[in-house]
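Take the sequences, apply the hints, and build the full model.
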Amino acid sequence: MQNISLKQICSGVIAFVLVMIFPLVITNTFAQHVMILFFMFGMMGVAWNIMGGYAGMFSFGQVAFFGIGAYTSSFLLIAYHVNPWIGLFLGGLVAAFVGAAIGYPCSNLRGHYFAIASIAFGEIVRTHFNNWKLIGAAEGLSLPMLSEGFKNFMFHSSKLPYYYIMFAFLLISLTVCYLISTSKMGYYFRAIKESHDVAKVLGINVVWYRLVAIMISAFLTAMAGTFYAQYVLYIDPESVMLLPISVQVVLISMLGGAGSVMGPVVGAVILIPISEFTRVWLGHKGTGVDMLIYGFLITLISVYQPKGVWGLFMNLGKRTK
Amino acid sequence: MSEQLLQQLVNGLLIGFMYALIAIGLTLIWGVMNIVNFAHGDFLMIGMFTSFWLYTLYGLDPVFSIPLCTALLFVIGVLIYRFVVSKVMSGPMLAQLVVTFGVSIFLSNLAVYLWTPDFRLISKPLLSGTWVIGEVQLSIPKTVASIGSIITSLFVFLFLKKTKTGKAILATEMDREAALLMGVNTERINSFSFGMGAALVGIAGAFLSTYYYIYPQVGGTFGLIAFCVVALGGFGSIEGAFIAGILVGLVQTLGGFFFDPAYKYAIVFMIYLITVWIRPQGLLGW
Numbered sequence: 001m002q003n004i005s006l007k008q009i010c011s012g013v014i015a016f017v018l019v020m021i022f023p024l025v026i027t028n029t030f031a032q033h034v035m036i037l038f039f040m041f042g043m044m045g046v047a048w049n050i051m052g053g054y055a056g057m058f059s060f061g062q063v064a065f066f067g068i069g070a071y072t073s074s075f076l077l078i079a080y081h082v083n084p085w086i087g088l089f090l091g092g093l094v095a096a097f098v099g100a101a102i103g104y105p106c107s108n109l110r111g112h113y114f115a116i117a118s119i120a121f122g123e124i125v126r127t128h129f130n131n132w133k134l135i136g137a138a139e140g141l142s143l144p145m146l147s148e149g150f151k152n153f154m155f156h157s158s159k160l161p162y163y164y165i166m167f168a169f170l171l172i173s174l175t176v177c178y179l180i181s182t183s184k185m186g187y188y189f190r191a192i193k194e195s196h197d198v199a200k201v202l203g204i205n206v207v208w209y210r211l212v213a214i215m216i217s218a219f220l221t222a223m224a225g226t227f228y229a230q231y232v233l234y235i236d237p238e239s240v241m242l243l244p245i246s247v248q249v250v251l252i253s254m255l256g257g258a259g260s261v262m263g264p265v266v267g268a269v270i271l272i273p274i275s276e277f278t279r280v281w282l283g284h285k286g287t288g289v290d291m292l293i294y295g296f297l298i299t300l301i302s303v304y305q306p307k308g309v310w311g312l313f314m315n316l317g318k319r320t321k
Numbered sequence: 322m323s324e325q326l327l328q329q330l331v332n333g334l335l336i337g338f339m340y341a342l343i344a345i346g347l348t349l350i351w352g353v354m355n356i357v358n359f360a361h362g363d364f365l366m367i368g369m370f371t372s373f374w375l376y377t378l379y380g381l382d383p384v385f386s387i388p389l390c391t392a393l394l395f396v397i398g399v400l401i402y403r404f405v406v407s408k409v410m411s412g413p414m415l416a417q418l419v420v421t422f423g424v425s426i427f428l429s430n431l432a433v434y435l436w437t438p439d440f441r442l443i444s445k446p447l448l449s450g451t452w453v454i455g456e457v458q459l460s461i462p463k464t465v466a467s468i469g470s471i472i473t474s475l476f477v478f479l480f481l482k483k484t485k486t487g488k489a490i491l492a493t494e495m496d497r498e499a500a501l502l503m504g505v506n507t508e509r510i511n512s513f514s515f516g517m518g519a520a521l522v523g524i525a526g527a528f529l530s531t532y533y534y535i536y537p538q539v540g541g542t543f544g545l546i547a548f549c550v551v552a553l554g555g556f557g558s559i560e561g562a563f564i565a566g567i568l569v570g571l572v573q574t575l576g577g578f579f580f581d582p583a584y585k586y587a588i589v590f591m592i593y594l595i596t597v598w599i600r601p602q603g604l605l606g607w
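Protein chains in written order, with the numbering used here: chain A, 1 to 321; chain B, 322 to 607.
One thing to keep in mind: the hints can contain errors.
Using C-beta positions, here's what the derived DEER-type ranges look like [stated by the list, open to error]:
| no. | chain 1 | residue 1 | chain 2 | residue 2 | range |
| --- | --- | --- | --- | --- | --- |
| 1 | B | ILE471 | A | PRO244 | 42 to 50 angstroms |
| 2 | A | HIS33 | B | LYS488 | 30 to 38 angstroms |
| 3 | A | VAL309 | B | LEU327 | 35 to 43 angstroms |
| 4 | B | THR486 | A | ALA138 | 32 to 40 angstroms |
| 5 | B | LEU327 | A | LYS133 | 58 to 66 angstroms |
| 6 | B | GLY412 | A | GLU238 | 30 to 38 angstroms |
| 7 | A | ASN131 | B | ALA499 | 23 to 31 angstroms |
| 8 | B | LEU326 | A | LYS184 | 31 to 39 angstroms |
| 9 | A | SER158 | B | LYS445 | 55 to 63 angstroms |
In case anyone wonders, no lab produced these hints; they're calculated from the structure.
Ideal Cβ positions, reconstructed from N, Cα and C, are used throughout, including at glycine.
Here it is in structure tokens:
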């Protein structure tokens with residue numbers, strides 16, 4: 001990709017420092033919570049971007065991977081006392097495996113057809129988890145209270161550790177995405193996005209690279225799922241497997257700019273505070289106003305800024321130079 | 322056991338005809354302009370609420386409010402096409418996918434805002450009760466709705482094959498550029514097809530309101546099932562959507578009967594995955 005300029009390094013370092021000292025200066029727990037959600041959705045957006053923005057598979061079923069991650073670690077913790085950090089890793093593996101298993105038969109699907117297949121996949125997984133007695137069915141799982149500490153991935157007295165852990169996760173996923181985008185694989189992904197047939201003719205193993213994109217994306221999304229379970233300490237299919245979460249993830253990537261490393265982060269920093277604040281201010285009465293505004297916003301973004309704001313941002317930077 | 326099975330078959334057929342009618346509108350929109358309308362289920366919801374309010378406020382029975390539902394949904398469809406969908410037609414595909422999601426969330430929550438998320442039911446519709454034929458119970462509103470679905474589908478089929486506008490729609494579906502060169506105003510065809518797709522689901526909504534719960538989120542499941550029906554029938558194929566609707570209705574009830582009712586929708590989604598895997602063009606697609 002493009003060379004990183006000194007200016008970009010400087011702004012990156014400044015952003016990093018600001019994020020690091022944010023929770024020390026602003027001790028309001030709601031503000032910290034919004035930041036944590038921003039990191040989490042930013043990470044899911046980055047994961048979606050690897051699959052959708054680079055490899056051209058528009059998935060509306062990311063929530064299934066999120067839920068699988070949350071459920072795997074939580075179930076292993078409750079039933080077998082497996083440490084959540086190991087659960088995090090295993091959840092990622094399970095999600096990647098499921099992603100490959102469903103991705104293989106879908107390897108010829110493109111565009112709309114893939115999008116609807118991913119919705120169908122998400123709904124099947126949700127229905128199954130809603131009825132699967134072993135993992136609590138519709139009642140969900142409550143995580144046991146363990147003693148606080150990094151080892152148990154559980155903190156009761158403060159949100160700060162969660163804040164830094166989720167920020168680290170976001171940085172990890174950004175690194176993964178950056179490495180992919182600059183590697184040969186990134187070019188393969190983009191070739192596949194442009195045209196299956198041309199990519200095939202060029203000798204790219206389309207089916208394999210699509211599976212790789214799905215698996216990486218699923219692994220990262222499942223990590224966010226495990227984090228959510230450890231953060232909220234209660235999960236059920238209605239909170240970790242609903243279609244709107246998938247749509248939110250797609251929207252974040254689209255608003256920020258699909259196919260650029262930082263796009264989803266920009267999308268999340270705009271959208272998550274808006275959706276959280278409208279939810280808190282307007283959503284508590286159950287009148288639907290918050291979602292009404294949200295739906296209107298989605299429509300506006302798709303009509304007027306479908307290529308994302310990140311590109312706009314970069315162009316502005318160039319012009320001022 | 323066999324009576325139960327027969328009853329399930331009949332139930333499957335009756336819901337299948339409704340799926341068929343809903344899916345025909347969707348496949349029309351999809352076929353003509355290659356837009357996946359995620360707000361289709363919400364159009365259904367608006368149709369149901371229109372019929373509910375006409376009944377509650379003015380005592381107009383759902384059977385008689387069908388023309389009004391159709392006209393209203395046609396207008397809503399055209400407006401949404403003009404002000405939203407047409408703007409993304411030349412944009413990136415991701416925006417085309419996401420935009421109708423936005424419309425869907427907007428419409429269903431507008432309904433929550435205006436009418437609360439409560440479940441409603443039309444208390445004493447003209448059509449009610451059941452016919453008992455042998456061992457099988459036949460719900461009258463469902464049967465009438467099925468007949469309505471058959472008549473409407475037939476009408477749509479004839480309209481597309483016989484009239485000038487219908488032929489223009491089919492031509493646009495086959496090859497937009499060629500149709501444009503032959504003097505078809507494809508932009509008008511788009512907006513007309515979108516309106517017609519919405520109007521068809523409005524008819525389905527009016528029929529459905531005679532026996533189904535009416536609430537703002539009712540469109541969600543119906544909309545998703547309609548996608549599976551469209552895929553199974555072949556994208557853009559009216560006949561395919563009709564046959565596939567009936568098949569999906571049967572599979573859903575029989576799957577629930579033999580397997581587990583909780584999984585009946587999951588089975589339908591499974592059909593979608595299997596269809597696009599084995600026969601991506603659907604039953605009657607090309």
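To see whether the hints hold, each was checked on the structure:
no.	hint	in the structure
1	ILE471/B - PRO244/A: 42 to 50 angstroms	36 angstroms, violated
2	HIS33/A - LYS488/B: 30 to 38 angstroms	58 angstroms, violated
3	VAL309/A - LEU327/B: 35 to 43 angstroms	59 angstroms, violated
4	THR486/B - ALA138/A: 32 to 40 angstroms	49 angstroms, violated
5	LEU327/B - LYS133/A: 58 to 66 angstroms	32 angstroms, violated
6	GLY412/B - GLU238/A: 30 to 38 angstroms	33 angstroms, holds
7	ASN131/A - ALA499/B: 23 to 31 angstroms	50 angstroms, violated
8	LEU326/B - LYS184/A: 31 to 39 angstroms	58 angstroms, violated
9	SER158/A - LYS445/B: 55 to 63 angstroms	59 angstroms, holds
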